[in-house]
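Asker: If you want the building blocks of each chain, they are given just below.
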Amino acid sequence: MPEELVVVTPGRRLGLADEYEPGSGTYMRNGVIYSSILGTRTTREAQEKGDAGDKPVLSVERKSAKFAIPAIGSEVLCRVVRMNPRAASVAIIMVGSTPCQEDFQGTVRVQDIRATEKDLVQMISSFRPGDIIRAEVISLGDQRSYYLATTKNEHGVIFAQSVAGNTMVPVSWEEMQDPKTKDIEKRKCAKTF
Amino acid sequence: MAANIIDRRRINGPQRSVEPLYTHVDAAADPFASGRGDGRALDQVRPIFVKTGPLSAHRSESALSSAAAASGAAFYEQGKIRVSCAVYGPRQGRRSSARMGSFDCDFRYAPFACSWKRRSHVKGADEREISLMLEHAIAPAIRLEAYPKACIDAYVTVIESDGKAATIAAAINCISAALADAGIEMYDSVAACSMGLTGARWVADCAQPEEDAASCSMLIAYMPSADEVTYILQHGKTTPEQTDQAVQTCTNMCARVYAVICRYLQDSLE
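Chains as they are written, first to last, in our numbering: chain A, 1 to 193; chain B, 1 to 270.
Hints in this document: simulated from the structure, not taken from any laboratory. None of the values given here were measured: they were computed from a predicted structure. Keep in mind that a hint or two might mislead.
[As the list claims (entries may be wrong)] Ranges of calculated distance between the beta carbons of each label pair, as one might list FRET restraints: (1) A/Leu120 x B/Arg128: 52 to 58 Å; (2) A/Glu45 x B/Asp126: 52 to 58 Å; (3) A/Arg62 x B/Ser120: 36 to 42 Å; (4) A/Val81 x B/Gly124: 34 to 40 Å; (5) A/Ser139 x B/Gly53: 42 to 48 Å; (6) B/Ala98 x A/Pro85: 51 to 57 Å.
Even glycine gets a Cβ: it sits at the ideal position worked out from N, Cα and C.
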């Protein structure tokens with residue numbers, strides 16, 4: 001079937017829930033799938049077979065910049081803004097690979113930095129203000145900030161500058177080294193490979 | 001409390017209340033017997049033009065830039081009315097809950113918007129009231145449960161105004177277009193239209209001189225795909241039958257305005 005680009009506006013009827021699976025950019029009401037954003041109507045074959053059925057996925061897509069908000073379980077990229085011995089305040093700048101329209105506020109508590117030996121963790125040996133970290137959202141938190149955790153191996157500091165101002169290279173899971181001055185600084189590094 | 005004692009701790013209202021005075025309108029008079037000033041039919045809305053997309057020449061693309069660019073923007077014209085809107089979001093909200101996001105609207109007239117007087121740049125009470133009206137009209141259309149803890153902000157500026165109810169309707173249409181441009185998830189775009197009661201007839205989309213001569217004005221904001229009215233604003237005195245008739249007619253006109261706005265939105269992507 002030739003694929004034609006149909007541009008739909010929000011609230012347009014796209015198809016029946018019996019024939020299609022609702023994808024992104026759509027919502028369902030009374031068994032009918034409607035579009036919820038301005039974009040092009042796209043049909044994709046079902047990825048998983050089995051209980052979900054082989055219904056094709058109907059979605060509305062838009063090429064231009066889409067801004068994300070953090071959800072529980074999503075992987076986020078943040079910049080450490082403030083620190084105290086109990087928690088670090090971070091600014092969430094990206095969710096997955098989508099940027100945020102404006103920085104969201106997040107908190108990494110000291111007991112959520114590492115998976116093992118949580119009571120022996122020291123904030124000053126894990127992060128410093130200005131570091132870029134990759135973390136996971138564990139809770140929507142309170143009114144002010146999301147709660148994040150860096151307990152997984154691939155979460156932690158991915159970019160940091162030394163006191164001399166040079167970009168540091170991770171040498172182990174808890175140390176980073178300045179390539180010019182050879183100084184070692186302690187961070188909770190992310191395993192990036 | 002005796003009637004003569006003034007409570008100094010509170011803002012005192014009048015001691016007595018009286019029924020408001022309505023100007024007596026001659027029902028037989030028909031000022032539009034020879035047609036409207038600009039030659040429109042009685043049920044015809046002024047020509048609409050919509051342009052979505054950033055209003056400035058360049059737009060910041062960097063995700064780490066501190067001065068955030070708007071997620072979406074729209075410029076809307078209806079006859080002489082000119083309104084522009086910028087939508088920011090979804091971004092961190094101060095009053096949004098963990099279940100649903102919140103929608104905030106900021107409405108202001110430019111100081112040169114009204115042709116008969118210059119407004120102060122300080123926001124007046126009517127602008128604050130209209131901001132709340134726009135929030136009530138648009139918020140039901142946005143899928144706020146898709147944006148928990150986030151807020152979506154719309155900033156509306158009226159560049160030129162021509163008829164107060166018509167300008168508010170234009171602001172609602174402009175916000176709908178800007179939200180669609182921003183990619184905010186919505187149940188449907190909201191289309192709004194206004195009418196004025198002159199004599200015994202409802203006249204669609206009154207310009208300022210027509211609104212001054214009307215005894216009542218009505219504004220309806222409508223979502224055609226769900227067949228739901230999100231906001232009704234009536235200013236003046238009518239009989240229940242007149243209001244009923246106005247709601248029916250205005251809803252049909254909203255559906256026509258909706259078709260025009262959707263046409264512009266579709267063209268903007270092609």
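Asker: The structure should be examined with respect to each hint, and the outcome stated for every one.
Answerer: Evaluation of the provided hints:
no.: 1; hint: A/Leu120 x B/Arg128: 52 to 58 Å; in the structure: 54 Å, holds
no.: 2; hint: A/Glu45 x B/Asp126: 52 to 58 Å; in the structure: 55 Å, holds
no.: 3; hint: A/Arg62 x B/Ser120: 36 to 42 Å; in the structure: 40 Å, holds
no.: 4; hint: A/Val81 x B/Gly124: 34 to 40 Å; in the structure: 38 Å, holds
no.: 5; hint: A/Ser139 x B/Gly53: 42 to 48 Å; in the structure: 37 Å, violated
no.: 6; hint: B/Ala98 x A/Pro85: 51 to 57 Å; in the structure: 28 Å, violated
The earlier numbered hints that this structure contradicts are 5 and 6.
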